[in-house]
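Colleague: Combine the two chains into a complex, taking the hints into account.
Chains as they are written, first to last, in our numbering: chain G, 44 to 365; chain Z, 3 to 188.
Hints in this document: simulated from the structure, not taken from any laboratory.
There's no promise every hint is true.
Claimed, not checked - Straight-line alpha carbon distances no greater than 27 Å define the calculated BS3-like cross-link-like pairs of lysine-lysine that follow:
| no. | chain 1 | residue 1 | chain 2 | residue 2 |
| --- | --- | --- | --- | --- |
| 1 | G | Lys96 | Z | Lys81 |
| 2 | G | Lys88 | Z | Lys81 |
| 3 | Z | Lys81 | G | Lys118 |
| 4 | G | Lys308 | G | Lys333 |
| 5 | G | Lys203 | G | Lys303 |
| 6 | Z | Lys81 | G | Lys89 |
| 7 | Z | Lys81 | G | Lys67 |
| 8 | G | Lys263 | G | Lys303 |
| 9 | G | Lys333 | G | Lys203 |
| 10 | G | Lys308 | G | Lys267 |
| 11 | Z | Lys81 | G | Lys66 |
| 12 | G | Lys203 | G | Lys67 |
| 13 | G | Lys263 | G | Lys308 |
| 14 | G | Lys253 | G | Lys67 |
| 15 | G | Lys308 | G | Lys201 |
| 16 | G | Lys67 | G | Lys201 |
| 17 | Z | Lys81 | G | Lys201 |
| 18 | G | Lys89 | G | Lys118 |
Listed below are the residues making up each chain.
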Amino acid sequence: MNNPQLDSDGRLRHLLSIEGLPKKILYQILDTAESFVGIAEREVKKVPLLRGKTVCNLFFENSTRTRTTFEIAAKRLSADVISLNVSSSSQSKGETILDTIDNLIAMHADMFVVRHAQSGAAHFIAKHVPEHIHVINAGDGRHSHPTQGLLDVFTIRKYKPDLHNLRVAIVGDVLHSRVARSEIHALTTMGVPEVRVIAPKTLLPAQVEKLGVHVFHDMKAGLKDVDVVMMLRLQNERMSGAMLPSAQEYFKTYGLTEEKLAYAKADAIVLHPGPMNRGVEIDSSVADGKQSVILPQVTYGIAVRMAVMAILAGGQIAGSQP
Amino acid sequence: MSASNIQLPDAEELLLTLAQKLEPLLQANTALVGIQSGGVWLMQRLLQLLASPIAAHAIDHGTLDVSFYRDDYAQRGLKPENRPSQIAFTVTDKHIILIDDVFYTGRTTRAAMNELFDYGRPASISLVALINRGGRELPIAPQIVGAELTLNASQNLQLIQHADGRLALTLQLHDQPDLSTAINTA
Numbered sequence: 044m045n046n047p048q049l050d051s052d053g054r055l056r057h058l059l060s061i062e063g064l065p066k067k068i069l070y071q072i073l074d075t076a077e078s079f080v081g082i083a084e085r086e087v088k089k090v091p092l093l094r095g096k097t098v099c100n101l102f103f104e105n106s107t108r109t110r111t112t113f114e115i116a117a118k119r120l121s122a123d124v125i126s127l128n129v130s131s132s133s134q135s136k137g138e139t140i141l142d143t144i145d146n147l148i149a150m151h152a153d154m155f156v157v158r159h160a161q162s163g164a165a166h167f168i169a170k171h172v173p174e175h176i177h178v179i180n181a182g183d184g185r186h187s188h189p190t191q192g193l194l195d196v197f198t199i200r201k202y203k204p205d206l207h208n209l210r211v212a213i214v215g216d217v218l219h220s221r222v223a224r225s226e227i228h229a230l231t232t233m234g235v236p237e238v239r240v241i242a243p244k245t246l247l248p249a250q251v252e253k254l255g256v257h258v259f260h261d262m263k264a265g266l267k268d269v270d271v272v273m274m275l276r277l278q279n280e281r282m283s284g285a286m287l288p289s290a291q292e293y294f295k296t297y298g299l300t301e302e303k304l305a306y307a308k309a310d311a312i313v314l315h316p317g318p319m320n321r322g323v324e325i326d327s328s329v330a331d332g333k334q335s336v337i338l339p340q341v342t343y344g345i346a347v348r349m350a351v352m353a354i355l356a357g358g359q360i361a362g363s364q365p
Numbered sequence: 003m004s005a006s007n008i009q010l011p012d013a014e015e016l017l018l019t020l021a022q023k024l025e026p027l028l029q030a031n032t033a034l035v036g037i038q039s040g041g042v043w044l045m046q047r048l049l050q051l052l053a054s055p056i057a058a059h060a061i062d063h064g065t066l067d068v069s070f071y072r073d074d075y076a077q078r079g080l081k082p083e084n085r086p087s088q089i090a091f092t093v094t095d096k097h098i099i100l101i102d103d104v105f106y107t108g109r110t111t112r113a114a115m116n117e118l119f120d121y122g123r124p125a126s127i128s129l130v131a132l133i134n135r136g137g138r139e140l141p142i143a144p145q146i147v148g149a150e151l152t153l154n155a156s157q158n159l160q161l162i163q164h165a166d167g168r169l170a171l172t173l174q175l176h177d178q179p180d181l182s183t184a185i186n187t188a
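Pulled out of the complex, with its shape left as it was, chain Z reads as follows (with noise of 0.2 Å):
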């Protein structure tokens, strides 16, 4: 079960799907927000694909970078690569769509919605995910995703950037975390 053997979808095709699924939740007093770094690479792909709806709308948009709020902190530390959220609207009462690429435990969706409430109080808040790579620990689910998979634990999908700006699955292997772990204390 090598991680070659498994065919990804195509990211590119996937946004279509999630642009056309997502344009009839956009109305006046919603707002996107991108959780760093894929989140926000898809929101502003998004931006452009949904631009008429938006501008109609006057759809406001932000990024949040969840770090502060992770709950691994204690055992992880502080990503060296951390950035300024960005969230110039008023979150209080706007109808909240946060955009992630992967979703796998929930966690960084709960980090993102503490992060978001400390902003303001949001009418609602709901969740699109380009992929769902199965495998949740909490009561969270995305409302819109481009694709479901089912992934193990030591299978690590990630979405990439390329320097044209097209997006694109990746998948790798673990390498070996628990041993990692084990130098590090030994």
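Isolated chain G (complex conformation) (with noise of 0.2 Å):
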């Protein structure tokens, strides 16, 4: 498979998805990632890298958390940023993606940041593009989710710093959730020998089983030994027809309570990439619980971002190490 994400020495070019990325990029990204972490508790929070490139953030779907960290990730590199909510803007008046990116590039942007709510649609931008422009894709319908798959692996490593020897369970709305493509498919080449996946059938794309992991409909059974617990939103803006009898059902049979997460580990740590539908997939005591990583989930979120777009942008991974 042509992987348009790689240039034809292998160095990143744009960031679409996990899935096809060597590990050696995913390792790279996340080790530059802990060197920008520390660069938000100093009096300038801020590095020169991307000084005089103009980051263009293309939301056609909404967002607040992804679109305001990678704003924040941009201006720490020094970058120009411009925020687009284009749901709300040419779209609307009937002007095509492609026409859209056009026009910005004429502005001498450099990179997009996508948001789209078809799968593909940052691959389809990053196929138009000239060469020096990059793409990272922040989320295609159902497709991928890479930095949300990056920032979740790169929280468990600063939790449980041996990837090698973990025991990971995605809980929850896997059939409509990106977020949980992109984790599998990180975690799985990252080296977790052990992925599972906790849903009702229903809420499982057909033959998960092929992407590498464990699929288990009961919580306890799932949850049982695992070191870490990674919950997903429930998509009810993604469902058509009764896939589900109702929230309440939901939240008593795969809702994680303080009692269901007493089936993990005891120093098992829980993760939830947001927007968190309290009382539905997590109880608030877990939430706010001292599990929890919900929140430095948020602010190493910002540190992936700052790393993919400085290799990005440097053009630069890997292919020159001595």
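Modeller: Here it is in structure tokens:
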């Protein structure tokens, strides 16, 4: 398969999905992100790497956290940032995506951060742009959300440094979740030996086992002895028809309560990509409890996004290693 | 003029010279900052050699990786092996002594100074280098050096650390950097 994410020397050109990226590049991104974490604690929270570059946040679908953290990441790299809420601008006047992109390129944009409800939108834009322009997928339909997958693994590694010795459970609406796909690819590529998914049959994609995960339909069995619990949001807006009896019923069976969390290891950590539906997929006492690393995820997300942008804009990774 | 014709000084002897020259500069409110990676090795050795004056003045120390401040990022990108900078003390009003292994163009020092100022406003910055190989391109020079040497651009002088912690200098000829650039753009 021709991988549009890498250039002919195997360097990262766009970040579109975790799938198809070599382990070396994933480690490179996370290791570089380590160096960016401390910048937030300094008096001047900026480095000059992207000085003079223009980053365009193109959000065809709503998002607060992802857009804001990309914006902060670009600003901490000293880039100029333009955030466009395209759903409320030219698209509604009938302009095509590629015309929007061409106009922004004419304004000398150097990098696009794209969120779109259609799977494959970021790939489509990446194929269209000239060579010096980089595209980062900030979530496309049900397909992929690579920076979320990376920041989740980064967060896990902060608390559980030995990825090769972990049992991780991903719980909830895997079917509609681009986050779950990116998490699974990131975890398995980086060498986590056991990744489980826990969900009702109706919320699992067909043949999910082929992604290299163990499937459970029961929380007690699925959470037994896991080191990491990754909760997913119940994606009501992507559901059509009756996939679930009710939110209350879902909470009773799959909602993460302190009682269910007790099946996991005593020092297990709990992640959630946000936004949380408290009382649906996660109980407040867990979300705010001492095993929760949900807010550190947000903080680390900035460092990981800085690393991705810095590596893309520099056009150099791993390949040059002596 | 092959690389092997040049008699390189002994890094361990230069280190002792540096320590002697550095000692009178140490005072209260001084902080040592090593530049990755050779400068950090040197700093660690200097911390041992000058342990008593450093303890007497309660001197802070830290490390810088200047990767995010280099002026050649646009051409060369990020080095894969960057490390977090660690400056755990307040930089403002400190007399900072920057430590680097080989002083060459002055660009690394410039990047390090730019980074330091993002932590605060130091009272002063001085530069200590194990060796000054000549060839500076900026109005920056080390105040304290172990030795001076004149090398040309094709010679690559590096400090290495042996497994037992001993430091040594090595000299290699650049493996045709211009040719590799030509291959990349071909």
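Colleague: Now look at each hint and say whether the structure bears it out.
Modeller: Each hint tested on the structure:
1. Using a Cα cut-off of 27 Å, the hinted pair Lys96(G) and Lys81(Z) holds, with the two alpha carbons roughly 19 Å apart.
2. Between the alpha carbons of Lys88(G) and Lys81(Z) the distance comes to roughly 21 Å, so the proposed pair stays at or under 27 Å and holds.
3. A threshold of 27 Å between alpha carbons decides the hint, and for Lys81(Z) with Lys118(G) the separation of about 21 Å falls inside it, so the pair holds.
4. A C-alpha spacing of about 14 Å is found between Lys308(G) and Lys333(G), which places the hinted pair at or below 27 Å, so the restraint holds.
5. For the proposed pair Lys203(G) and Lys303(G), the alpha carbon gap of about 21 Å is at most 27 Å, so the pair holds.
6. In summary, the hint linking Lys81(Z) to Lys89(G) is supported, as the alpha carbons are separated by about 19 Å, within the 27 Å threshold.
7. About 14 Å separates the Cα atoms of Lys81(Z) and Lys67(G), which keeps this hinted pair within 27 Å; it holds.
8. Among the hinted pairs, Lys263(G) with Lys303(G) is consistent with the structure: their alpha-carbon atoms are about 7 Å apart, no more than 27 Å.
9. Between the alpha carbons of Lys333(G) and Lys203(G) the distance comes to roughly 15 Å, so the proposed pair stays at or under 27 Å and holds.
10. Between Lys308(G) and Lys267(G) the CA atoms are separated by roughly 7 Å; this keeps the pair inside 27 Å, and the hint holds.
11. Distance check on the hinted pair: Lys81(Z) and Lys66(G) sit about 17 Å apart at the alpha-carbon level, within 27 Å; holds.
12. For the hint pairing Lys203(G) with Lys67(G), the CA-to-CA distance comes to about 19 Å; that is within 27 Å, so the pair holds.
13. About 12 Å separates the Cα atoms of Lys263(G) and Lys308(G), which keeps this hinted pair within 27 Å; it holds.
14. The hinted pair formed by Lys253(G) and Lys67(G) meets the criterion: a straight-line CA distance of about 23 Å does not exceed 27 Å.
15. With a CA separation close to 17 Å, the supplied pair Lys308(G) and Lys201(G) stays within the 27 Å bound.
16. With a C-alpha separation of about 18 Å, the suggested pair Lys67(G) and Lys201(G) falls inside the 27 Å cut-off, and the hint holds.
17. Proposed proximity of Lys81(Z) and Lys201(G) is supported: the alpha carbons are some 22 Å apart, at most 27 Å.
18. For the hint linking Lys89(G) to Lys118(G), the alpha-carbon distance of about 7 Å falls within 27 Å, and the restraint holds.
The structure is consistent with each of the numbered hints, conforming to all of them.
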